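J.: Sequence:
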Amino acid sequence: MSHQWILTPIPVPELSAVVFRPGAHLNTFSGRMLLMTLPEELKHKPSGLISLSDQYLSGVVGDERVSKPVLNLTIDPEPPASLMLKPKLQRWTNDNYLQWVKSQPCCVCGATSDDAHHLIGHGQGGMGTKAHDLFTIPLCRIHHSELHKDPNGWEREHGSQIILLFKFLDRSIGLGVFG
30 MSHQWILTPI PVPELSAVVF RPGAHLNTFS GRMLLMTLPE ELKHKPSGLI SLSDQYLSGV
90 VGDERVSKPV LNLTIDPEPP ASLMLKPKLQ RWTNDNYLQW VKSQPCCVCG ATSDDAHHLI
150 GHGQGGMGTK AHDLFTIPLC RIHHSELHKD PNGWEREHGS QIILLFKFLD RSIGLGVFG
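Numbered per our numbering, the sequence shown spans residues 30 to 208.
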C-alpha cells in the first residue's frame, strides 16, 4: 500500500457522514466535494491520508490532456455592436444544449420530449428569427404543435412560457448543465 493525497476524509459525526476533500496533489477535482454516508471502515479513523493500492496509482503526474476546448467566458465592456445605433443582435446557439433539452421530460405532461421549443412572443422570435438556444423548454410533439397553433390559448391552459422557461433554467443550472 502506498499513501497518496488523493481524497482526505473529513468525518461529520452529527450527520453520520463523511466529506471527501481533494488532497494537495489532486488538481482535477476543481475544489468540488463529495458527500456520502460514512463507511464503516472509516468510522474509527481520523482525517488524513487514504491508503491506496499501487494499481490505482499512475506513474505519470499531471499528463491529462483536454479533449475539447474549454469555454472561456470573457466580458467585453465595450462590444462594437453596443456603439451602433441599430446593431444586429447575434443569436446564441449551442447544439449540445439543444440535445440535452430534447432529452428532458416535457414541461407540461412529463412525457418524453421530442422538441426543444424556442420561446415565441414576449419579445423573442419573429419573422425569420428565433430566440437564443438558451431560451428553450422541452415539449412533447403534441404540446409543441398545440403551442404553435394558438400560443395565447396554450398559455391560458398550461401557463406562461416565461414561467416554464424560468423553472427549466433553474433546474438546468441546479443540475450543473452549464458547468
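Hints listed in this document are in silico derivations from the structure and should not be mistaken for laboratory results.
Hints are not guaranteed to be accurate.
[Claimed, not checked] Pair ranges (Cβ atoms, derived):
1. S111 to I149: 38 to 44 Å
2. I191 to N125: 30 to 36 Å
3. T158 to L112: 29 to 35 Å
4. K159 to P108: 19 to 25 Å
5. G150 to W129: 20 to 26 Å
6. K178 to Q153: 36 to 42 Å
7. E69 to C138: 25 to 31 Å
[Unchecked claim] No farther apart than 25 Å at their CA atoms in a straight line, the calculated lysine-lysine pairs in the PhoX-like style are these:
8. K178 to K117
9. K196 to K159
10. K115 to K131
11. K178 to K196
12. K178 to K131
13. K159 to K131
14. K178 to K115
15. K196 to K131
These figures come from a predicted structure and were not determined experimentally.
Cβ coordinates follow ideal geometry from the N, Cα and C atoms, glycine included.
J.: All the hints need checking, so say for each whether the structure fits it.
T.: Going through the hints against the structure:
1. At about 26 Å, the CB distance of S111 to I149 disagrees with the hint of 38 to 44 Å.
2. Separated by about 24 Å at the C-beta atoms, I191 and N125 break the suggested range of 30 to 36 Å.
3. A hinted range of 29 to 35 Å is violated for the C-beta pair T158 and L112, which are about 22 Å apart.
4. With their beta carbons about 21 Å apart, K159 and P108 fall inside the hinted range of 19 to 25 Å.
5. Between G150 and W129, the C-beta spacing of about 24 Å keeps the proposed range 20 to 26 Å intact.
6. Take K178 and Q153: their Cβ atoms lie about 18 Å apart, and the range 36 to 42 Å is violated.
7. A hinted range of 25 to 31 Å for the beta carbons of E69 and C138 is inconsistent with their spacing of about 44 Å.
8. With a C-alpha separation of about 29 Å, the suggested pair K178 and K117 falls outside the 25 Å cut-off, and the hint is violated.
9. Restraint check for K196 and K159: the C-alpha separation of about 21 Å stays at or below 25 Å, so the hint holds.
10. For the suggested pair K115 and K131, the alpha carbons sit about 34 Å apart, so the restraint of at most 25 Å is broken.
11. Only pairs whose Cα atoms come within 25 Å are accepted, and K178 paired with K196 is accepted, the gap being roughly 23 Å.
12. A C-alpha spacing of about 20 Å is found between K178 and K131, which places the hinted pair at or below 25 Å, so the restraint holds.
13. A threshold of 25 Å between alpha carbons decides the hint, and for K159 with K131 the separation of about 17 Å falls inside it, so the pair holds.
14. Taking the CA atoms of K178 and K115, the gap is near 32 Å; set against the 25 Å cutoff, the hint is violated.
15. The suggested pairing of K196 with K131 holds, with an alpha-carbon distance near 16 Å, which does not exceed 25 Å.
Of the numbered hints stated above, those contradicted by the structure are hints 1, 2, 3, 6, 7, 8, 10, 14, listed in ascending order.
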